[in-house]
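With chain A's structure known, arrange chains B and C on it following the hints.
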Amino acid sequence: MIFERRDFLKLLGGTVGTVSLGSCGRFLVPDRMVEQALRGPGIERQVNTICGLCEGGCGVTVRLVDDLPVGLKGNSRHPLNRGGLCPVGQAGLEVLYAPNRLQGPLRRRPEGSFEATGWEEALTEIAKSLGDLQSSGNGRRAAFLHGEPGQLFDDLARRFMQALGSANVARRRGETVLPYRLAQGIDQVPGFDLANSDLVLSVGLDLFEDGAAPIHAVSAMVGSRDQANRASLIHIGSRLSPSATKAAERLAVAPGTHAAAVLGIAHVLVREGRYDRNFVAKHTFGFEDWTDDRGETRLGFRRLLLEQYYPDRAAQLSGSDPRAIIRIARRLARAERPVVICGGEATSTSNATWTTLAAHALNALLGAFDRPGGVALPSTVPLTPLPPFSAADGAPAQDGTGHSGIFAAPTDSTSFGIDPVEALAGADELDVLFLSGTNPVYDSPAGSDLKKALERIPLVVAFSSFLDETAAAADIVLPVSLFLETWQESTTPEGVAFSVLGVSQPVVSPLFDSRHPGDALLELARRAGGGLATALPWSSYEAYLKERLEGLRTSGQGSVISGSFEESWVHFLEERGWRFLESGDREAFWQGLARKGGWWNPVLARGDWNRMFRTSTGRYEFFSLELERHLEGLGRSAGESEPEPALRRGIESLGLVIEASVDEACLPHFEPPRLAGSGAAADALTLVPFRPMTGRGDIGVASPMLLEMYGYPVLSGWQTWVELAPETAHQLHLDEGDQVTLETEASPYESAFEAVVKIEPGAVAGAAHVPCGLGREGLGGAADGVGDNPVRILARDRDSVSGALATVSTRVRSTLIKKRARGGARPLVGGHG
Amino acid sequence: MTAAGALFALSPSSPLPQPDWLPWRIQQPIAFNHNVHVEELGFECVDCHLYALTSVRATIPNIENCADCHEEAQTESPEEAKLVEYIAAGEKVPWRKIYRVPDHVYFSHRRHASIGAIECEVCHGPIAEQVKPVGRPYWRPTMDNCMECHEESGASNDCVYCHD
Amino acid sequence: MARWGMAIDLDRCTGCGNCMAACHQENNLAAVGPEQTEQSRAFHWIRLVREVSGSDAHATVRYTPTLCVQCDDPPCVKVCPVHATYLSEEGIVGQIYARCIGCRYCMAACPYNAKVFNWYEPEWPGELKKKSNPDVSLRSHGVVEKCTFCHHRVNHAREQARAEDREIRDGEVVPACAESCPAQAIVFGDLDDPESMVSARARSPRAYRPHEDLGTRPKVFYLEEQE
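Protein sequences, first through last, are from chains A, B and C.
Heads up, the first sequence is in my numbering, so the first residue is 4 and it goes up one at a time.
Heads up, the second sequence is in my numbering, so the first residue is 2 and it goes up one at a time.
Heads up, the third sequence is in my numbering, so the first residue is 87 and it goes up one at a time.
I should point out that these hints are in silico values taken from the structure, not numbers from a laboratory.
Just so it is clear, CB atoms sit at the ideal spot from N, CA and C, and this is done for glycine as well.
Be careful, since some hints might not be right.
[Claimed, not checked] Here chain C is said to cover these stretches of chain A; the calculated rule only asks that three of the stretch's residues, wherever they fall, bring their Cβ under 8 Å from a Cβ of chain C:
(1) 211 to 220
(2) 240 to 250
(3) 710 to 722
Looking at chain A on its own, in the form it has when it is part of the complex (with noise of 0.2 Å):
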């Protein structure tokens, strides 16, 4: 066990770490957990609670010798991860002991350097600033913008702002939701069943990789499964990322075009014969040409596809392989249970709703709804509403002016939506902003006009674990605990199939001076008083999700995370009509949630098809008839009258090319992406960027070890790279391990970042594919200095229909700053040396 010498080196490693690091900060071990590590028995614990790094959710199982926790897992009874663990995950500890963390809550002083303070004293003053607000009826001028990945933490934010009399709240999520509003009129982004299905097409994500829940996909694809009943992955991308090496089948595509090769796919499944009649003629509105009220007939999918989208020209449309796209259509067609996932970079551009709608069309073509295997819609986590709050204590209960608040489309939008850092950074007359759990001056493509936005708020207040970019432009940086220290929850991630609350428990009291932003909006709420305090009455967080939560055991739904065999008894009972008791009263049913790590429930609601489609016919629209009222609303505010021009005329306000005609618009179609930046230079490269697996959340590359495997797959590590088909990289005369800029006029602020090349086969050619998260400027630490960051040079475009910030939206030149060291490429791992 521990014995001195390695307790001496722990001193000694650690003092040596702050000479030779220097940044590093000063060396911090707590006197009680020496003691321990000394003198201790060596009596070992585990413990469950949820990985709190990224949205995802994981559940882990820690390690503690004599408290002190060493080693973090998989839980393998975690129904998303079932035992599996990302790289980030792993590195949690690294994390928690990170020694640039924030340890305590920091002021800026006057002249724009930051001092130490209390959180006496800071939540004195935020929370003077908010009965100022209160108190003369401006609650408006407050906002709050989050990324933290738990539902419940959501309410309570949106409840804060709602009693002080503001609209001004916003998450910021992955995927968008509108393709999914506007086919299957839901606001959210449905489930696929990955776990009972046999084969998986992912359009553009990196389902191994990337999307919210990636080790659940793996986990329900392959780790759950025996051998002879794996779902095979069909990847279309422009990337070969590992994901895309592992699929039994890729379609290699240019940037921006998955939806001219998914329709493709549609046309073969179409003109074949081969697509869900049944479904089709059930469930499903726009797929043969219609008649619309004034006796017009309508355009409608199948003649879409069969006239525009032929193999041919969806594989030249993609720079794709016809073939390729037929094998995937018959493919598709002669499996069981398929099912058609969307993301990643298919979502990042400008036709990103149109691709989505494509991609989702193949499985209403599939007839993929409602089946094992298929699109679910998870149920309903039933938690304790809750409880209404007078807004006669001197709030409002809405914004007292009827607006929608500064995160809704401004009323001159062609999108449905804004972005939320971009409204931010658009906002005027805010007096007072709160960011949590999120760092959109780093990772958004409109991150610095955020940080110009943040200077002209009189008070922005961030709750942050290390001083990042966002925190380091706030007036008041708040330390927030890390999810080993704290309480907290997680809600089912996007795209996941059934519906599950994973409790995080603290395993260790906070190494330092910091809260759980939760529960420091409690005691804001305590402080100003009034209208706040009667709508925020808990005490403390956890007591929050103890209420919140016991809704869960009164509903008799669901059960608390169990091994595999109580789960199957679950399902036998659920499916006759049964309702599976927990055990044990509110406390015994809390103590067994945080024990285990959460609770879930498999079971779906069948054959509610009033709750899978909410569009205005109640069925699947191929045809989206309230893309078509907004495409004609735009059109009408623009001056036309009649029903017909009015939507040319809302089109053309998008600055779409249509083909065929209007009609064209409200169906899934091929959009091509705009780019912009280098022209159409011959040299020029559609810059990619991409989140590798190493990247996920925003501070796991507060771990050494993280950025040293950082690019495992290509062989690179503490370093930006930049993926270069052999003969794009031919073309510009570059090498592997050649270090380049890649250049553009297209952003506002600034031009160029660096990467080394690195040459993939497989990679489409003209695509420039580089990592994001690396290029820090403020987390401190070992990952300051470390890389560039792509994000910095995008232009600023959008997604033409939902308004979400693109960001393959930029063309960019390399020009080569230094030729790689004679003898050849070295692998990063070698050993010899």
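Frame of chain A, contents of chains B and C only:
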């Protein structure tokens, strides 16, 4: 150990490393009398060294264990008075460890005392008779000594059983 | 007595890198930093080796988790002048850091490039040392290290089995890489037990051992990808 010397010159409060065997007696902060506790009062080893049978380290009892009896002085002993002071102040007794194995050796009390059913006296000597505090190891935990005993008792001498 | 072995199903492996990270944490590996990484001195005891076939858009890349294969006839043992590396009773090739003089003969002899060398004292910024796994000793500079099949976990399992007066059960010993694998691609166990999961996988028609022709008789089996 040169580096060690340098470090400890910098941070005197850190626990001092000690060689495995010392030719001199280590002075303990209190002249603890095993004989009184074991022979006269009838305590078993594990009554104070709580984890000797169940865990990796036996642990040396400290004020939280001693306070069960010594919250108030039981005798006139000036040594006990020191302990009572420590307890009253809530301060840990800075016992010095005598038995040490290097970092690259895995030694488990449970494996020896419980699973191997080796009596404490085999390694720690006739400690029940000892009236003075433990100041030097009865039996030096060197590799020769370990391997000799392993050979005699038929325990494996495979390297990786003890070196991790 | 057990003969420990491992089987890695490449058909299940998704190349997620969790084995690398889990091993790194379990065995107290330290990041070597950017300068050392630049000189190829970054190391992992298990790593994903990338093999590219083809060079155009239809090229394929394969990731193979690679670790010390624990040969039954290990070339590294034959060249070690100080008996720091040896074949243990249960078939694990041990590396005794305290004996190692850092001559690196074993690294030169190893046909699998499985051994790594600590060029410098590992650096642990700030408090990172504190989370080190107490079961695994920290290596200083100048010694060779490699995958140990997590033999500290084997020792724990053996201790537990003895305490309960029974044999170690199949599946009771799980190395960190196998434990963290979400695809359950890695199986560990006793190759001499015909009932064990690992020997069942080793008998699979898809199974092969790396560089079998060298006569090193590795105890790590790979199961080839299907399709």
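Can you list which hints this structure breaks, lowest number first?
-> none
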